[in-house]
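Letter by letter, the chains look like this.
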Amino acid sequence: MLGGMLTLFFHITLQISLPFAVVLAILVSTAVGSLFERLAISPLKDAEPIILVIITIGGSILIRGIAMLLWGKDTYALPMFSGSEPIVLWGATIMPQNLWIFGITLIIIMANRFFFYHSIIGKAMRACAFNRVASSLVGIDVKHMVFFSFAVSSAMGAVAGIIIAPLTMTSYDVGIMLGLKGFCAAIIGGMSTGIGTVAGGLIVGILESLGAGLISSGYKDAIAFIILLLILFIRPQGLFVKGDAERV
Amino acid sequence: MRKEYDACDGYMKKEMLKFFIFAAVIIIAPVFIKGGYLMNVLIFVGIYTILAVALNLLLGLAGQISLGQAAFFGLGAYLSGVLTATYTVNPWLSMVIAFVTVGAIAFIIGFPILKLRGHYLAMATLGMGIIVYIIFNETVDLTGGPSGLSGIPHLTIGGMIFDSDLKSYYLVWFFTIVVILLSVNLASSRIGRALRAIHDSEVAARIMGVNARLLKVEIFACSGMFSALAGSLYAHTVTFISPTSFGFNVSIELLTMVIVGGLGSIYGSFLGAAILTLLPEFFRTFQDYDIIVYGITLIVITMFMPGGLVRGVPLMVMSVYNKWRPPSGPSRQGG
Amino acid sequence: MLKIERVAKIFGGLKALNDVSFSLAAGEITGIIGPNGAGKTTLFNVITGIYSPSSGRVFYEGKDITGFPPEKLARLSMVRTFQGIELFSRMTVLENVMVGLHTKSQSGIIASALKLPGHLREERRIRERASYWLEFTGIIDLASTEAANLPFGKGRLLEIARAMALEPHIILMDEPAAGLNSRETSDLAELIEKIKDTGVTVALVEHDMELVMEICSRIIVLNLGHKIAEGTPREIQENEKVITAYLGED
Chain A
341 MLGGMLTLFF HITLQISLPF AVVLAILVST AVGSLFERLA ISPLKDAEPI
391 ILVIITIGGS ILIRGIAMLL WGKDTYALPM FSGSEPIVLW GATIMPQNLW
441 IFGITLIIIM ANRFFFYHSI IGKAMRACAF NRVASSLVGI DVKHMVFFSF
491 AVSSAMGAVA GIIIAPLTMT SYDVGIMLGL KGFCAAIIGG MSTGIGTVAG
541 GLIVGILESL GAGLISSGYK DAIAFIILLL ILFIRPQGLF VKGDAERV
Chain B
907 MRKEYDACDG YMKKEMLKFF IFAAVIIIAP VFIKGGYLMN VLIFVGIYTI
957 LAVALNLLLG LAGQISLGQA AFFGLGAYLS GVLTATYTVN PWLSMVIAFV
1007 TVGAIAFIIG FPILKLRGHY LAMATLGMGI IVYIIFNETV DLTGGPSGLS
1057 GIPHLTIGGM IFDSDLKSYY LVWFFTIVVI LLSVNLASSR IGRALRAIHD
1107 SEVAARIMGV NARLLKVEIF ACSGMFSALA GSLYAHTVTF ISPTSFGFNV
1157 SIELLTMVIV GGLGSIYGSF LGAAILTLLP EFFRTFQDYD IIVYGITLIV
1207 ITMFMPGGLV RGVPLMVMSV YNKWRPPSGP SRQGG
Chain C
8 MLKIERVAKI FGGLKALNDV SFSLAAGEIT GIIGPNGAGK TTLFNVITGI
58 YSPSSGRVFY EGKDITGFPP EKLARLSMVR TFQGIELFSR MTVLENVMVG
108 LHTKSQSGII ASALKLPGHL REERRIRERA SYWLEFTGII DLASTEAANL
158 PFGKGRLLEI ARAMALEPHI ILMDEPAAGL NSRETSDLAE LIEKIKDTGV
208 TVALVEHDME LVMEICSRII VLNLGHKIAE GTPREIQENE KVITAYLGED
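Chains as they are written, first to last, in my numbering: chain A, 341 to 588; chain B, 907 to 1241; chain C, 8 to 257.
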């Protein structure tokens, strides 16, 4: 949400050109995410997961509320990145924005892969996910890694919001469904940073569109959650992750 | 051992006293309120208190997070509403049907859901809540969809219809008091201890013979049934229901109420429900700000007053009192 | 009264237990020792139902209990304590022990919610019994302390009191002396003897050799998932394989 709204703000209100507005929006969103982590998450690092879940919910409500105060409740349209003329490819019409979405998503996926598997920081973060204590014993600063992960995910969330905004409009209220479905996709694919999560997202997206066509579009939103429940009941570790979920 | 006997009976007496004072205040309150808008709001405080207490049993006592309580609230409301408005079933009977049906649903779905922990459980209950909400919206023929369901009859006893604010107040609060009594009893009993044991260390609880799996599902069903009761009462009091009253936002509000009041404290849930229902009314002009207040409140209370107001306020008072009180005993004279 | 037959437990690539068999006689204190990683805690976890064995069987009082979950074993009067004590930290000392009496009481949700007279009588009895076990372990004066605030040694005693409240036929203790100083350890030894004198069978995983040699009548030695020796304390002290396992080839 912040991605889309901030880009609008920078581009339209402050008359900054679109590419710079996008970059600024990403930076500010990242800053917000990082600030939240510093202020609200890291002081409570030892609390139960429930508490942390509640805090993040509180944080999201707060950010939404501030956005509403700043920009009101209206919906806005972000201009398409390269015009609104549909392109015809092999008999099918595609909006150019879709190509942008596809392309940028691909770049992000590849960047992720590179970052988490081939860079020191990325590997350190994965280590923390596996075993916090061991990681700190080998010299990884876990606090920094947590901070970093918040920053990175805020940035990516902002990008997602920006590339979608021209198509689906944006307001202070968007992003919740998207974020929740993203979470579903992560759990469905398996909480790793590899192809699994990406595949999860693809599966959810495709099944949702298919469902919208076959059943009614009203139930479309439910599809992601139904799949989520099924996966959690049958194979909680996700479709693409090996191994057992803990028993005791 | 003598000491333990006395402590036990003393504790019980204290609990009973607290309860009777609370009930008495509730019963006498209307005399001072002289009806009107405030009375109307207090009815809702009663309904949300039931919901908050139900969530507290699950979250505060057993430690199982649920972000989908609104689903049971809504199921109770819609079952009652549809049965009475569309099928002209007797309202009391439909309330019982709703109560039992939602209990059964919660029991069945509880088994797979409560195998999960932490954020997985949170997501699953969230998903459940959203799916139910979408069903309310989409089954237009049955529920009226987004435009809602109207024409739900009031409850009646003999010739008396519960249609005025005063009568509805006593109707709703009767059930609220019953739910509070049952919950307080439950919390201080063998079952309450077993639930808290599961919360603190499920492994150790199982070693002691607590059937954690079954008990978690049972309390989940219990919580669902109380929520459904609140839903039925809501339907018969406002006579019109629509899906927006049972969405994700409501689940979050309930969560906030429980946290603010104090996890694990039944009276705290009342406090949380009261504050979060009354405060927005006082700040009507700042209606839009309530969403920010929720967010800040959640964060601040969770960070600085983890026990909720019920524990935090006395602690705060104590620490202020200790700072201001002149030191007793011989005072240190320099080095 | 407890028989382990060819029990094996495999985790992914790791064979934590490999063809382990032995029996424990009733009313005795048996020690289970071995270097770190020998599989002692895994063995306990298999016996007490936290894991299912990959193969092999466990017999208890003549019954095949292989794969029974912990709550079922509690009703069969088997209990254990944990290496890192698993207390109910937000409950008082007394309440912790009262949970130990869960299997000795019946009130369900409905009876509890309605505070039926039977329930009230039962509550009184539970408190009484719980107090008894606190006196037995010597921590009755801490009854209303919150468990999280206990010093470590007292926390151990609480776990034992809670386990005894279940009135077990057998109690399996996982490294009860870990983290205790020598005075606390000798108090522990006395307590374990006291427990044995009430007729309860005790099985003890331990690293503290003095304690083990002093109170155990029989010792079983594990190393790398295998049982390598079994016998009286004297026999074990002189056993070559045991010495090698602990000190390495010389």
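For the record, the hints were derived by calculation from the structure and aren't laboratory data.
Treat the hints with caution; some may be incorrect.
Coverage of chain B stretches by chain A, computed from C-beta distances (three or more under 8 Å per stretch; other residues unrestricted) [unchecked claim]:
| hint | segment |
| --- | --- |
| 1 | 1002-1012 |
| 2 | 1034-1048 |
| 3 | 1203-1216 |
Derived CB-CB ranges, DEER-like [as the list claims (entries may be wrong)]:
| hint | chain 1 | residue 1 | chain 2 | residue 2 | range |
| --- | --- | --- | --- | --- | --- |
| 4 | B | Lys920 | C | Gly34 | 41 to 51 Å |
| 5 | C | Gln90 | B | Met1224 | 50 to 60 Å |
| 6 | B | Val1084 | A | Lys463 | 32 to 42 Å |
| 7 | B | Phe1080 | C | Leu127 | 40 to 50 Å |
| 8 | B | Val1084 | A | Val473 | 28 to 38 Å |
| 9 | B | Met1224 | C | Leu127 | 43 to 53 Å |
| 10 | B | Gly1054 | C | Leu123 | 40 to 50 Å |
| 11 | A | Ile460 | B | Gly1054 | 25 to 35 Å |
| 12 | C | Gly186 | A | Gly443 | 55 to 65 Å |
| 13 | A | Lys463 | C | Ser62 | 33 to 43 Å |
| 14 | A | Arg453 | C | Leu231 | 56 to 66 Å |
| 15 | C | Ala185 | A | Leu570 | 41 to 51 Å |
| 16 | B | Thr1045 | A | Leu570 | 51 to 61 Å |
| 17 | C | Ala185 | A | Val473 | 48 to 58 Å |
Using N, Cα and C, we set each Cβ at its ideal position, and we do this for glycine too.
How the hints compare with the structure:
1. 1002-1012: This one is violated; 0 residues, fewer than the three required, reach chain A with a Cβ under 8 Å.
2. 1034-1048: Holds, because 7 residues of the segment 1034-1048 of chain B bring their Cβ atoms closer than 8 Å to Cβ atoms of chain A.
3. 1203-1216: Check passed, 6 qualifying residues.
4. B:Lys920 with C:Gly34: 41 to 51 Å: holds, 45 Å
5. C:Gln90 with B:Met1224: 50 to 60 Å: violated, 38 Å
6. B:Val1084 with A:Lys463: 32 to 42 Å: Hint violated: Cβ distance 58 Å, outside 32 to 42 Å.
7. B:Phe1080 with C:Leu127: 40 to 50 Å: Because 25 Å falls outside the window, the suggested range is violated.
8. B:Val1084 with A:Val473: 28 to 38 Å: At 48 Å between Cβs, range violated.
9. B:Met1224 with C:Leu127: 43 to 53 Å: Violated - the Cβ-Cβ distance for Met1224 of chain B and Leu127 of chain C, about 33 Å, lies outside 43 to 53 Å.
10. B:Gly1054 with C:Leu123: 40 to 50 Å: Given range 40 to 50 Å: holds, Cβ gap about 42 Å.
11. A:Ile460 with B:Gly1054: 25 to 35 Å: violated, 57 Å
12. C:Gly186 with A:Gly443: 55 to 65 Å: holds, 59 Å
13. A:Lys463 with C:Ser62: 33 to 43 Å: holds, 38 Å
14. A:Arg453 with C:Leu231: 56 to 66 Å: Between Arg453 of chain A and Leu231 of chain C, where Cβ atoms are some 39 Å apart, the hint is violated.
15. C:Ala185 with A:Leu570: 41 to 51 Å: About 44 Å separates the Cβ atoms of Ala185 of chain C and Leu570 of chain A, which means 41 to 51 Å holds.
16. B:Thr1045 with A:Leu570: 51 to 61 Å: violated, 21 Å
17. C:Ala185 with A:Val473: 48 to 58 Å: violated, 18 Å
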